[in-house]
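Asks: Sequence:
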Amino acid sequence: MQLKIFEITGEYAICHGDGHILYDHPGEIVELSFEGVRVFHFSFFRIFFSQLIKEFSLVDVKDKLETTNITGDGWEVLQGVFKIEANN
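Be aware that the sequence shown starts at 1, since it is given in the working numbering, and climbs by one per residue.
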């Protein structure tokens with residue numbers, strides 16, 4: 001199932017509250033589409049991915065969750081979250 005982040009956050013994926021909304025989304029998410037999202041913040045990614053990693057594992061999340069249409073800046077922020085989670 002694809003989830004369009006823009007439909008939750010608009011063009012600014014910055015609020016940790018939106019990260020909670022994303023995590024609480026019903027159904028199995030296998031693709032996160034960032035089409036239309038221009039601005040990313042660490043707290044948005046940290047809330048969502050930290051919860052997923054606690055529930056599953058960092059390896060599972062990285063292997064099974066696809067991100068599409070993410071900008072280079074967004075990708076760097078996401079990788080920073082993965083790096084922190086790998087050290088926890």
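Hint data in this document are derived by calculation from the structure and do not stem from the laboratory. Watch out, some of these pointers could steer you wrong.
[Said to hold, decoys possible] Restricting the straight-line Cα-Cα distance to at most 25 Å, the calculated cross-link-like pairs of lysine-lysine (BS3-like) are:
hint	residue 1	residue 2
1	Lys54	Lys64
2	Lys54	Lys4
3	Lys64	Lys4
4	Lys83	Lys62
5	Lys4	Lys62
6	Lys83	Lys64
7	Lys54	Lys83
Asks: Going through the earlier hints one by one, which of them does the structure break, listed in rising order?
Replies: none
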